[in-house]
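Asker: As you go down the protein sequences, you meet chains S and Y in turn.
For the first sequence, counting from 1, position 184 maps to 1004 in the numbering used here; every step adds exactly one.
For the second sequence, counting from 1, position 237 maps to 239 in the numbering used here; every step adds exactly one.
Note that these hints are calculated values from the structure, not bench results.
Every residue gets a Cβ at the ideal spot worked out from N, C-alpha and C, and that includes glycine.
Hints are supplied without guarantee of correctness; some may be wrong.
What follows is a list of derived Cβ distance ranges for each label pair [to be verified]:
| id | chain 1 | residue 1 | chain 2 | residue 2 | range |
| --- | --- | --- | --- | --- | --- |
| 1 | S | Arg974 | Y | His135 | 56 to 64 Å |
| 2 | Y | Ala29 | S | Lys977 | 48 to 56 Å |
| 3 | Y | Gly107 | S | Leu1035 | 30 to 38 Å |
| 4 | Y | Ala142 | S | Arg1000 | 44 to 52 Å |
| 5 | S | Leu831 | Y | His135 | 50 to 58 Å |
| 6 | Y | Arg195 | S | Lys906 | 48 to 56 Å |
| 7 | S | Lys906 | Y | Phe402 | 26 to 34 Å |
To give an idea of the interface, some chain S residues facing chain Y are shown, with a C-beta separation under 10 Å as derived from the structure [unchecked claim]:
| id | residue |
| --- | --- |
| 8 | Arg845 |
| 9 | Gly848 |
| 10 | Ala850 |
| 11 | Ala981 |
| 12 | Ile983 |
| 13 | Leu984 |
| 14 | Pro989 |
| 15 | Ala992 |
| 16 | Ala1047 |
| 17 | Arg1048 |
| 18 | Thr1049 |
| 19 | Gly1054 |
| 20 | Arg1055 |
| 21 | Arg1056 |
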Amino acid sequence: MAELLFWPVLLLYGEAAVGYFGEARRPGAAGRAATWGVRLGWLAQTALLGAQAAREGGFPWGTWAGSLNLFVWLVVGAYLIWGCRKPYRLLGLAVMPLAAVLLVVSRAGGGTGVGTRSRYSNLFLVLHVGLVLAAFAGFTLAAALSALYIWQERRLKRREATILRRPAPSLATLDRLAGRTVAVALPALTLGVAVGIARLLSDGDRVDALVVATLATWAVWAAYLVARTRGLTGRRAAYLALAGFVLVIVVRLALPPVHFA
Amino acid sequence: MRLVLVGTSHHHAPVELRERVALDREAASALAERLGEAVCLSTCNRTELYVAAADVEEAERRAAAALTELEPRVEPALYRLRDQAAALHLFRVAAGLDSLVPGEGEILGQVRAAHEAGTPGRLLDRVFRQALHAGRKVRAQTAIGESPASVSGAAAALAEQVFGALAGRSILLIGAGKISEQAARNLLSRGARIAFVANRTAEHGGELAARFGAAAIPLERIGDELAHADVVVSSTSAAGLVLDAATVERSRRGRRLLFIDLAVPRDLDPAIHELDGCYLFDIDDLEAIVSETLAGRRGEAVRAEALVAAEAEKFHEWQASLDVVPAIASLRARAEEIREAELRKAESLLGRLDDGERRAVESITAQIVNKLLHLPTVRMKQAAVSADGVIYADAVRHLFGLGEEDGR
């Protein structure tokens, strides 16, 4: 049953991704259809996760692929907070193709099917995996907001004649929202990492590459927040957010098998 | 009753003629009253008289006479439309499709005001209400009115692209001319605050500053106040640059700034645009944006036309049904009369029934009448839309002897 739910989710996220491309070309019906794709897809994925959790009787996303599935759900959920509003639809152009691709990767790794029972407690998994993934979802959203900022600023710098024809949030709003999102996500990452490190020390395990990369990610986003308090805004802040997002991708995709093994 | 429109607009008459027949609210209301069931729509781009009358030729003649009375030279510029064509025209007007700038929103309020000031009967009331509905629908379902159609509107919209809501944002005006003032008013209408007016002549600058509740400053102090401004609008007649990039970079303290240069020759150093967080748009940039948004509006106008045409069709159906409604009402009244008469005749038999049985008989006979009349009613309404309504109505009156009640 849970495996079957993957297909409507993928279909709806895929439709949303295509719809947002249509929205970028001609605002209107394509954007509305895409937004409904996101809403319905997210509900379907919620059902998929619910079915997985019910079958495992706990937290079944402790695997690399399973956590990717949960990560996609968190990213899309975070996007939905703003994405439904008309000016923010273009944000979906950055979020939904990524969500669809990561969902396929998750399925390829078995993350949307039967989970593997973890040797860790549910509480630990929720606090460690859940919080870290929620933080990464926040960083992803902040990066998407920053990408939209760079795109919108470039249009202003190029003095594009079409600039008023495609609704997009203002530079000030994008900048502010990215900062606020990171301000919420970083404490979540801090707590999630702290719980992981405490377990690492108590179990006497070794620090692996993923832990190092996650700490580097934490450092970059912490630097982002500190820099913002010292006046870093605009394009430079947006580029720093994108650099932080590269680390999020590395942590999510490139290194995890070692950590989850 | 039929609908008649006589009027002139910017498509047919130059401003010298239009201004001669333009009427204020009171005059428009008085003219409508003089014409009977009428509404007078008078704006800077058009003066139109909508009249409902049984005799369309006479109504047209009187409406045209009323306008030529104001200015005889307007006669060749008058257009005359009737019924569905007149309704479609009004719907297009209300939707902004007939405006100088397609999709402008002011006209909707003007149509509403004209309706309120007129003397509409059932027909005009319906057509104006539907026109307002069509106008709102077009604005809600298309993007025809979303983008600015003037240079000052584009400047304000750009400010919103940079800062979002402009409430509380500070504007620094350089130059106290009409162009600056126009741009300032557009920004003010979106919640911004004119904080400073810098001008070469202190007197003019002070006057404008006082009108906006701003501080008047000399041109030399612009740099000092940049740290307190969000948007700079410049429009002086200075021969050279009024503000250079080095001054901006030195003074703004890292603030994000939007510069609008409406002057020719330009007031602001083009290098300002290269500074991080500074955006400079000159008159050519703004005109290119306006031209693009107008092209977009024309694209949306195609969709809007389809919506308006659908509304006009609905009005046509309603108006056509007016021809057959009296015949349908008479037919139903006659049938009810016969039913009640037959029940009275059978009173001696029905008197033996208890209340429940009596109600059942009443209900059955009423249902028979309704079922018999249902199809003829539907067919007559359908025929009305295809212009055969009057023939059908006459046939029904003849076949059932409707209107012969007095002779019976």
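Asker: In ascending order, which of the hints set out earlier in this document are inconsistent with the structure?
Answerer: The structure breaks hints 1, 3, 4, 5, 6, 7, 8, 10, 16, 17 and 18; every other hint is satisfied.
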